[in-house]
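S.K.: Residue-level listing of the chains:
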Amino acid sequence: MKRLATAIAFAAVVAFATQAASAQTLNAVKNRGELVCGANGTLAGFGMPDPQGKWTGFDVDFCRAIAAAIFNDPTKVKFVPLTAKDRFTALQSGEIDVLSRNTTWTLSRDAALGLDFPAVTYYDGQGFMVHKSLKVSSALELNGAAVCVQQGTTTELNLADYFRTHHMDLKTVTFASADEALKAYETGRCDSYTTDSSGLYGERLQLAEPSEHIVLPEIISKEPLSPVVRQGDNQWTDIVRWTHFAMIDAEELGVNQTNVDEKLKSDDPETRRMLGVEGQYGEALGLTNDWVYRIIKRVGNYGEVFERNIGQGSPLKIARGLNALWTKGGLQYGPPFR
Amino acid sequence: MADDAQVLPRHARRARRLGGVAIQIGLVVLVIGLAFGAALNAAQNLARANIASGFGFWNNTAGFDISQTLIGYSASTSTFGRAFWVGLLNTLFVAAIGIVLATVLGFVIGIARLSRNWLIARLTGGYVELIRNVPLLLQLLFWYNAVLQSLPQLRDSVPLPGGGILNNRGLFLPRPEFAPAFGAVLVALVVGVVAAFILRLWARRRRRMGGQVRVLWPAFAFLCGLPLLVFALAGFPLAFSFPEIGRFNVQGGVEILPELAALVLALTVYTAAFIAEVVRAGVLAVPSGQTEAAQALGLGTGATLRLVVVPQAMRVIVPPLTSQYLNLIKNSSLAVAIGYPDLVQVFAGSVLNITGQAVEVIAITMAVYLAISLFMSLLMNLYARATAIAER
Numbered sequence: 000m001k002r003l004a005t006a007i008a009f010a011a012v013v014a015f016a017t018q019a020a021s022a023q024t025l026n027a028v029k030n031r032g033e034l035v036c037g038a039n040g041t042l043a044g045f046g047m048p049d050p051q052g053k054w055t056g057f058d059v060d061f062c063r064a065i066a067a068a069i070f071n072d073p074t075k076v077k078f079v080p081l082t083a084k085d086r087f088t089a090l091q092s093g094e095i096d097v098l099s100r101n102t103t104w105t106l107s108r109d110a111a112l113g114l115d116f117p118a119v120t121y122y123d124g125q126g127f128m129v130h131k132s133l134k135v136s137s138a139l140e141l142n143g144a145a146v147c148v149q150q151g152t153t154t155e156l157n158l159a160d161y162f163r164t165h166h167m168d169l170k171t172v173t174f175a176s177a178d179e180a181l182k183a184y185e186t187g188r189c190d191s192y193t194t195d196s197s198g199l200y201g202e203r204l205q206l207a208e209p210s211e212h213i214v215l216p217e218i219i220s221k222e223p224l225s226p227v228v229r230q231g232d233n234q235w236t237d238i239v240r241w242t243h244f245a246m247i248d249a250e251e252l253g254v255n256q257t258n259v260d261e262k263l264k265s266d267d268p269e270t271r272r273m274l275g276v277e278g279q280y281g282e283a284l285g286l287t288n289d290w291v292y293r294i295i296k297r298v299g300n301y302g303e304v305f306e307r308n309i310g311q312g313s314p315l316k317i318a319r320g321l322n323a324l325w326t327k328g329g330l331q332y333g334p335p336f337r
Numbered sequence: 000m001a002d003d004a005q006v007l008p009r010h011a012r013r014a015r016r017l018g019g020v021a022i023q024i025g026l027v028v029l030v031i032g033l034a035f036g037a038a039l040n041a042a043q044n045l046a047r048a049n050i051a052s053g054f055g056f057w058n059n060t061a062g063f064d065i066s067q068t069l070i071g072y073s074a075s076t077s078t079f080g081r082a083f084w085v086g087l088l089n090t091l092f093v094a095a096i097g098i099v100l101a102t103v104l105g106f107v108i109g110i111a112r113l114s115r116n117w118l119i120a121r122l123t124g125g126y127v128e129l130i131r132n133v134p135l136l137l138q139l140l141f142w143y144n145a146v147l148q149s150l151p152q153l154r155d156s157v158p159l160p161g162g163g164i165l166n167n168r169g170l171f172l173p174r175p176e177f178a179p180a181f182g183a184v185l186v187a188l189v190v191g192v193v194a195a196f197i198l199r200l201w202a203r204r205r206r207r208m209g210g211q212v213r214v215l216w217p218a219f220a221f222l223c224g225l226p227l228l229v230f231a232l233a234g235f236p237l238a239f240s241f242p243e244i245g246r247f248n249v250q251g252g253v254e255i256l257p258e259l260a261a262l263v264l265a266l267t268v269y270t271a272a273f274i275a276e277v278v279r280a281g282v283l284a285v286p287s288g289q290t291e292a293a294q295a296l297g298l299g300t301g302a303t304l305r306l307v308v309v310p311q312a313m314r315v316i317v318p319p320l321t322s323q324y325l326n327l328i329k330n331s332s333l334a335v336a337i338g339y340p341d342l343v344q345v346f347a348g349s350v351l352n353i354t355g356q357a358v359e360v361i362a363i364t365m366a367v368y369l370a371i372s373l374f375m376s377l378l379m380n381l382y383a384r385a386t387a388i389a390e391r
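Protein chains in written order, with numbering that gives the first Met the number 0: chain V, 0 to 337; chain G, 0 to 391.
All the given hints hold, so there is nothing to weed out.
Stretches of chain V that chain G covers, calculated by requiring three or more beta carbons in the stretch to come under 8 Å of a beta carbon on chain G:
1) 135-145
2) 156-166
3) 174-185
If you're looking for bench data, these hints aren't it; they were derived computationally from the structure. We treat Cβ as the ideally placed atom computed from N, Cα and C, and that holds for glycine.
Sequences and hints are given; from them, build the entire structure.
M.R.: Have a look at this one:
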């Protein structure tokens, strides 16, 4: 049981190590020559190796963007697949530098786990998938249903809350990994499978007959998904936070993978500051001044990463919705480069 | 050593003994010091990393559901501590069933493997070789999928005689519901047992004095007749709540989860293969002269096995059998792979992840498994001591 092994290893390290997690993550990453990124591994569109073994996905590209900013090479990332259950332990113990694995930002995780959530990269909410043959059209009709869920998630807790709030009976069947939960749902062990709605779209595609299953319209929770870093290394937290903001601002300023070289000659002062033509903004972060140029050139802006992995350019076809730029009615808003 | 002790003068012997004691005390102090240092160091490291520590989480509300609870539990009001007990009881429950079934199956197969019947001996031999050479986790996943896939969907549930229902959500049996008057039946049962016991003592005394007494029927009347009579007089204070198929699930009745069935099946089948070998070794350890002597005295095969071979074999069997029981208890933690809510799944899984307190939760979990295993060893040692040959 790998996840248990991680927890035990962490307990042992905490008990016998003399030095807690280093505050110099950036230096450690540079010396190592690669970024170690905790990823999902089984969630189509967000984090999964493709048949050739190349990691792809929305969360994966975020780590590639960080690697591009540091090394000017998005391939200098080692991905560590983690279950929901062992992801925080892996980060706390220093096994990974950053966790980019559809993780919900909550107060207790932020305050009690020694972790920081730099920025919301995806605004999500929890939904339900059911067998079409049940002829259910609303989550409120699920009274008495058996629901398969993955352990160690906010989903597990929201589920109990939602059924309690609506005075409905619930039979939860909890599995250690999303794969096992989904498989049990598919065999008919459960009436419904629940997770973040982005995950539902991705996982429905992995079922033998995706058309036999529908996603119910209710969104029962707020799930702001964020990358996660260890608390106490402010420089590293800033790098991760501003990697996201840079990709947002690039989209807002119309800078993308194809035109980024032309935009270096742009007259727009904010674009010039962002791409490092003017000022020393990158060096202030401990990076080079052209760090945003590297991200956009090697990985792309937020919109490009979104569409390529989970949007219209992908089988998932998720609409931007809350994740549209603030200028287009969404919530994605990057602070200014100044 | 003994010779030395006699040769050495008294003060030297004493000095040597004191030296030994000092070394032992020193070791104990060192071990305790290490453990204490590790705990202190852990607390400091956690504080430096801003990770919450301590056992304050124990009384916080859990907030998650558990699919099988032997004691009252609700997501909205129960604490993490309560979830711990639910998980622990589920572990003990599956281990207890597994140990009983594995012992029975293991003894049958172990003895059958020694059978003179070629087919039976080869079949059971094949069973042992097949089962003990395939990893338990794979077997568990196999049984879980075999159980889930072969059972019918909810719509096509199989009704069982007596009001039970079987489908891939589990086996649902009628739940007995006792009216308050049922207490009288229990009292009658206790009275019947005591009466039958007294009857037996009385009959034994009469026999010793040369009398002929038949106690079977009177004892039967005390044991069964009396409670039944009271049951009828109290107006049959027992009802059953029958499971019914609802829109999504089966409502009412007692539920046996497919996860539990698969886990018990896997643990039983796997451990029985090892127990069979232990039993076979134990039986073979009894010298064949014993069997021959018993047969020379005119005992049949069954009586030879029951009265001569098994009692002597048991002394060889019990120590390795203990190891198998301990293995079964620890292997039950593989439940996590199929979603059975045992201690590891509930406590070292959901609770650990929600509280994030890996050090405390893992320490408690390890301590619990250690305690269960030590207690099991103690019981088996007591049994071994009770059945040991009294040295003359």
